[in-house]
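If you read the sequences in order, they're chains A and B. Sequential numbering of the first sequence, starting at 3, is according to the working numbering. Sequential numbering of the second sequence, starting at 327, is according to the working numbering.
What the hints contain is simulated information worked out from the structure, not anything from laboratory work.
In silico DSS-like links for lysine-lysine, alpha-carbon gap of 27 Å or less: (1) A:102 <-> B:759; (2) B:480 <-> B:501; (3) A:102 <-> A:127; (4) B:759 <-> B:804; (5) A:153 <-> B:759; (6) B:689 <-> B:532; (7) B:501 <-> B:680; (8) A:102 <-> B:804; (9) B:680 <-> B:715.
Here the structure is a predicted model, which means the values were calculated and not measured.
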Amino acid sequence: MLEIKDLHVSVGEREIIKGLTLSVKAGEVAAIMGPNGTGKSTLSYVIAGREGYEATSGDVRLNGENILDLDPAERAAKGVFLAFQYPVEIPGVATMTFLKAALNAQRRARGEPELQTPEFMKRVKEAAASLGIAPDMLRRPLNAGFSGGEKKRMEILQMALLQPRLAILDETDSGLDIDALRVVADGVNALRSPERAFVVITHYQRLLEYIRPDSVHVMAQGRIMRSGGPELALELEERGYQDYIAQEAA
Amino acid sequence: MAARQETVARVESIDVDAYKYGFSTDIESEKAPKGLNEDIVRFISAKKNEPQWLTDWRLEAYRRWLTMPEPRWARVHYPRIDFQDLYYYSAPKSTPGPKSLDEVDPELLRTYEKLGIPLREQEILAGVETRRVAVDAVFDSVSVATTFKAELAKAGVIFCPISEAVHTHPELVQKYLGSVVPVTDNFYATLNSAVFSDGSFVYVPKGVRCPMELSTYFRINEQNTGQFERTLIIADEGSYVSYLEGCTAPKRDENQLHAAVVELIALDDAEIKYSTVQNWYPGDSEGRGGIYNFVTKRGDCRGRNSHISWTQVETGSAITWKYPSCILRGDGSQGEFYSIAVSNGYQQVDSGTKMLHLGKNTKSRIISKGISAGRSQNTYRGQVSAHRKADGARNFTQCDSLLIGPNCGAHTVPYIESKNPSAQFEHEATTSKISEDQLFYAMQRGLSAEEATALIVNGFVRDVLQQLPMEFAVEAQKLISISLEGSVG
Chain A
3 MLEIKDLHVS
13 VGEREIIKGL
23 TLSVKAGEVA
33 AIMGPNGTGK
43 STLSYVIAGR
53 EGYEATSGDV
63 RLNGENILDL
73 DPAERAAKGV
83 FLAFQYPVEI
93 PGVATMTFLK
103 AALNAQRRAR
113 GEPELQTPEF
123 MKRVKEAAAS
133 LGIAPDMLRR
143 PLNAGFSGGE
153 KKRMEILQMA
163 LLQPRLAILD
173 ETDSGLDIDA
183 LRVVADGVNA
193 LRSPERAFVV
203 ITHYQRLLEY
213 IRPDSVHVMA
223 QGRIMRSGGP
233 ELALELEERG
243 YQDYIAQEAA
Chain B
327 MAARQETVAR
337 VESIDVDAYK
347 YGFSTDIESE
357 KAPKGLNEDI
367 VRFISAKKNE
377 PQWLTDWRLE
387 AYRRWLTMPE
397 PRWARVHYPR
407 IDFQDLYYYS
417 APKSTPGPKS
427 LDEVDPELLR
437 TYEKLGIPLR
447 EQEILAGVET
457 RRVAVDAVFD
467 SVSVATTFKA
477 ELAKAGVIFC
487 PISEAVHTHP
497 ELVQKYLGSV
507 VPVTDNFYAT
517 LNSAVFSDGS
527 FVYVPKGVRC
537 PMELSTYFRI
547 NEQNTGQFER
557 TLIIADEGSY
567 VSYLEGCTAP
577 KRDENQLHAA
587 VVELIALDDA
597 EIKYSTVQNW
607 YPGDSEGRGG
617 IYNFVTKRGD
627 CRGRNSHISW
637 TQVETGSAIT
647 WKYPSCILRG
657 DGSQGEFYSI
667 AVSNGYQQVD
677 SGTKMLHLGK
687 NTKSRIISKG
697 ISAGRSQNTY
707 RGQVSAHRKA
717 DGARNFTQCD
727 SLLIGPNCGA
737 HTVPYIESKN
747 PSAQFEHEAT
757 TSKISEDQLF
767 YAMQRGLSAE
777 EATALIVNGF
787 VRDVLQQLPM
797 EFAVEAQKLI
807 SISLEGSVG
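Whenever a hint applies, use it, and build me the whole structure from the sequences.
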């Protein structure tokens, strides 16, 4: 599904990602863990195609296709979804309006017929109900005045609606209390399927108790330093990231 | 319902690739010679068989105009206008006074067709009872077609070209013309008073709720012809009227001067809603050509508890100089101003409002949304004042600016004056940019850069769009997207 080979990424003059290699198969949930400031969010941005995050060398392939030359909307239509660490407020634009515009833009790009309002409403309401999102929130401007937990739930709602092939969750657990975390995790688990891959970026092991990863990768100094199974997360929880930071110093 | 659908369908069919209204209609015009002097003023007056008092009124304005300097205080820059190099009168040649649409030049009707104006309201002709929009079509200077007059007459509403009202209702015209914008008011209004060609006249009698929205489409067509529209709307005691003004203009290389005057008068308990969608040619991508729009619009809340509301969507013109205002004279009267001003390319906008609180317990509300893109400059200029006797005057002003791209400017110039200690004035202002975060977020969800911008901008102007009648809101939303094309990426 996702193949990243020897990727180097610079933001401005500074190189943030320095030769990262990562492979995530369809159906897999890969967790990326690491200390702050090691380029985890940069990795999510470069996969999603944010301007200013320039891949100076290396490769990012989605189902065999190099996506580095595509703009964010084209990548989205191919199934890339990023759940933002800090979801953005769009004042004056009703959440429902935004969701419909986004879904139909993707469908158009894929040559699929646009969804008519009744069918769309049905899907949104179902997804909202399963995430405990009140219907009146869908009429409010997107993310404007939402609490941290509401914003994160709204990200998962969008993911459920857009049905991506590759979903990247960037610190989705940050700012969530334990109940909200459970709701969000349930939402993610409900979307797990053999055709879909997840990249779960997190600082803490906590989220992984609810979203069980198939693989865990330690990211530090702009690289994947170590990969392993779920047990690696527990080890990190116990020992912290000092080993990897120490390596940096050495 | 069908009329509305027709409008919506027409608007949706507007090609979003370019300014589409750049065609001109081949109709012979009858022109006055170039330039301006007393003879030209007399010529215009004579062409319209005006009574002596009006000829004298025009001449007085002209003499006053000669003594006035052109205003220079607005944040707009343009080469000096040679007022002797303009035509001050042109009328489409046709048989005098067409009695119905059938007598109107078919070429003209085709022009409206291209513009998507549902002038021929089939359902009205078929006698379908639905919501109606009456169109008083102004082509260049002379109103050539007026629909639904009979229908309106039944309600006692007078809606006709002002040149006609001068003859049919001289007492009303003489009483109210220039009573809100006096001939001495300002350079452009005074010029208009001297040479105004035509425009709309509306009178809604006591206690009448006008049965339909009144609509005038303006269109500048004749090369180098200054346009001097004059509109006068009177809402008598306890009446209500909603008036829509929409504009498009064909593409021209020369700058075209437009100096209209609109006067609104609301008597006791009367309400006037005046909505404008302005889409005149803004100039090409280098900033050449485009309309110069110097307009004086003012409403007088003359009666107690009267109410005047201005809503405008300004997307066109090379230069816009326009401040629809309210004089809150009657006790308990209310004034409102809702504005969206979009500028792109090299457009310059200096627009806003004045709310002059004279009566007791008067209220006003200003919501202004400025959007600047390209290399444009967009200024909000507003004045709110409370007279010594205006006990309990209240104003709320919200003034938001949105910048798209690094080369445009947004400016806010509020003037607030209170001579009464019980007045309460609030002013809120924000300036923001469409952030990269917002754009990236929306694009990550699948929207193109332009779709994302349009969506964000529509969110920004939503408060004001909601004030427009439905047909206009759809048109306005489309126009805003069209105006901002090419402003991102």
